[in-house]
Each structure stands twice: as structure tokens, then as C-alpha cells.
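S.K.: Sequence:
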Amino acid sequence: MIEILNPTLLSRARETGAVVADVLRTLKDRSAVGTNLMDLDRWAKALITEAGAVSCYVDYAPSFGHGPFGHYVCASVNDAVLHGRPYDYRLADGDLLTLDLAVSKGGVAADAAISFLVGEARPPESVALISTTERALAAGIAAAGPGVRVGDLSHAIGTVLRGAGYPVNTQFGGHGIGSTMHQDPHIANTGRPGRGYTLRPGLLLALEPWVMADTARLVTDADGWTLRSATGCRTAHSEHTIAITDDGAEILTLPRPY
1 MIEILNPTLL SRARETGAVV ADVLRTLKDR SAVGTNLMDL DRWAKALITE
51 AGAVSCYVDY APSFGHGPFG HYVCASVNDA VLHGRPYDYR LADGDLLTLD
101 LAVSKGGVAA DAAISFLVGE ARPPESVALI STTERALAAG IAAAGPGVRV
151 GDLSHAIGTV LRGAGYPVNT QFGGHGIGST MHQDPHIANT GRPGRGYTLR
201 PGLLLALEPW VMADTARLVT DADGWTLRSA TGCRTAHSEH TIAITDDGAE
251 ILTLPRPY
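Going by full-length UniProt numbering, the first residue of the sequence shown is number 1, and it counts up by one from there.
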């Protein structure tokens, strides 16, 4: 299913995007050395509820997962990159943490992810991973607009990821979003320009470049959800929800000024 939102629903999408951005920023601010991932999940639940939104994750049970996800935020540490299920773990100095959050409010969903380093340590490889996914996300957003094809976005993202020397996995990538969290079209993190669905104003997309330092192969944890690099290398993931406009794209999940 591909949805095109009318102006009323786009206004609601902006509200939902603001909730996602604000919750992620608060969780990042609280992610210190010693913070437990289960506390982040508990805080996410409280913040989402306080904002009048609902989690897209708690009851989420796709074919690739093992039953309902059962948590409010994806928290992936170091070699975990996607669908990280929170567990009893206290963050250490230099951990690379990815938080991925999707909520719905007013019947419209928004989805975003951030990767960052905990504490004071700044391992160069980790800094490079995070920077590359952020630059790839910016390239994908810059390429988006009416009349552009999905392959153009994939190509823009993949050019940055491959240009930095990282292998690219195409099993999981960006996606359409609207009344539900995951919709068509699928947006791979590399691809050929000029191919695929043609973007139209009112379309919402979640673009999400992610990479693993030295492999494109994922392995699944015993929890049935958390996806890790097959080699144990570090990973990073950046994501925004955007709306296609008459003259480009609007980022809906940017944090508001303090």
C-alpha cells in the first residue's frame, strides 16, 4: 500500500514527527555511562504516553520477528544495528548506541533513528560510521522531490555509503509510512537511478541508511529480533521521516529548538 496524505493528515504527520524527535532527544540526553537499556525503554513508554501518542513497536509482529516486539524503543549497542530489543545492560564509556523510535498520533505514524557514542570515548571507527550514515541520510533527503524515482534516493544514499568503503546490505532499508509504520515503497540503501516508483507530493518516506564496518551480513540474536553484524564489528543507523512537497522534501523528525 502507498498512501498520499492530504493537507490535514500532513499537519498531523508534523505533530507525530515532533513527538518522535523530542522523545529521541530526551532519551539521548539520558543515555549516560551506567544507564540501563530497560530504563530507556521505560522512559520511552512514559514520554510517548505523555505526548498522547502510541508506540508502533509494542504489538509489532512481522514475519521476520519472533512474536510481538514487546518494547517501546529499539536500543542497539555496538555490533547490533537493527531491531535491538532492550535488555538488562548498563551502557559503558564508548558504547555506540542506536535508538530507533516509531509512534503514531492522530492516525499518522513517524519513524526516526539516531546513533551516538556514550560517555567521553570517541573511537575513530565509530565516529566515521555515524558520520557516514548521517551524510548518506542527508544525500537521500536532498535527492527527494516530486517526479524523482525511488532509485534516485537509493543511488544517492548508496553513493555515500559505498564511497566511504562500507559494504551495503539491501535486506532492510527505508520505506513508505503513513497510517501504518511500514508501507511501500521499499527504499534500498543502494540502487540504480531512474528506477522504481515516482514520488508525489503528500507521500511520507522513512529513509534509513545503516552500515556495518566490515560486512554486509546480519545475524539474529536468540531473542528473535536483534540484528547484529556477522563479524561482531560496530554498526550505525540514521533515519528521518520526510514528506514529499511540491518543491522538494520536508523533514518531519528534526528536533525542535530548546
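One or more of the hints may lead you astray.
Claimed, not checked - Okay, derived cross-link-like pairs now, DSBU-like style, lysine-lysine, Cα gap no bigger than 35 Å in a straight line:
| no. | residue 1 | residue 2 |
| --- | --- | --- |
| 1 | 45 | 105 |
| 2 | 45 | 28 |
| 3 | 28 | 105 |
Hint data in this document are derived by calculation from the structure and do not stem from the laboratory. Fair warning: this is a prediction, and the values are worked out from it, not measured in the lab.
S.K.: Could you run down the list of hints and mark each one as holding or not?
M.R.: Okay, the hints, checked on the actual structure:
no., hint, in the structure
1, 45 - 105, "holds, 14 Å"
2, 45 - 28, "holds, 15 Å"
3, 28 - 105, "holds, 22 Å"
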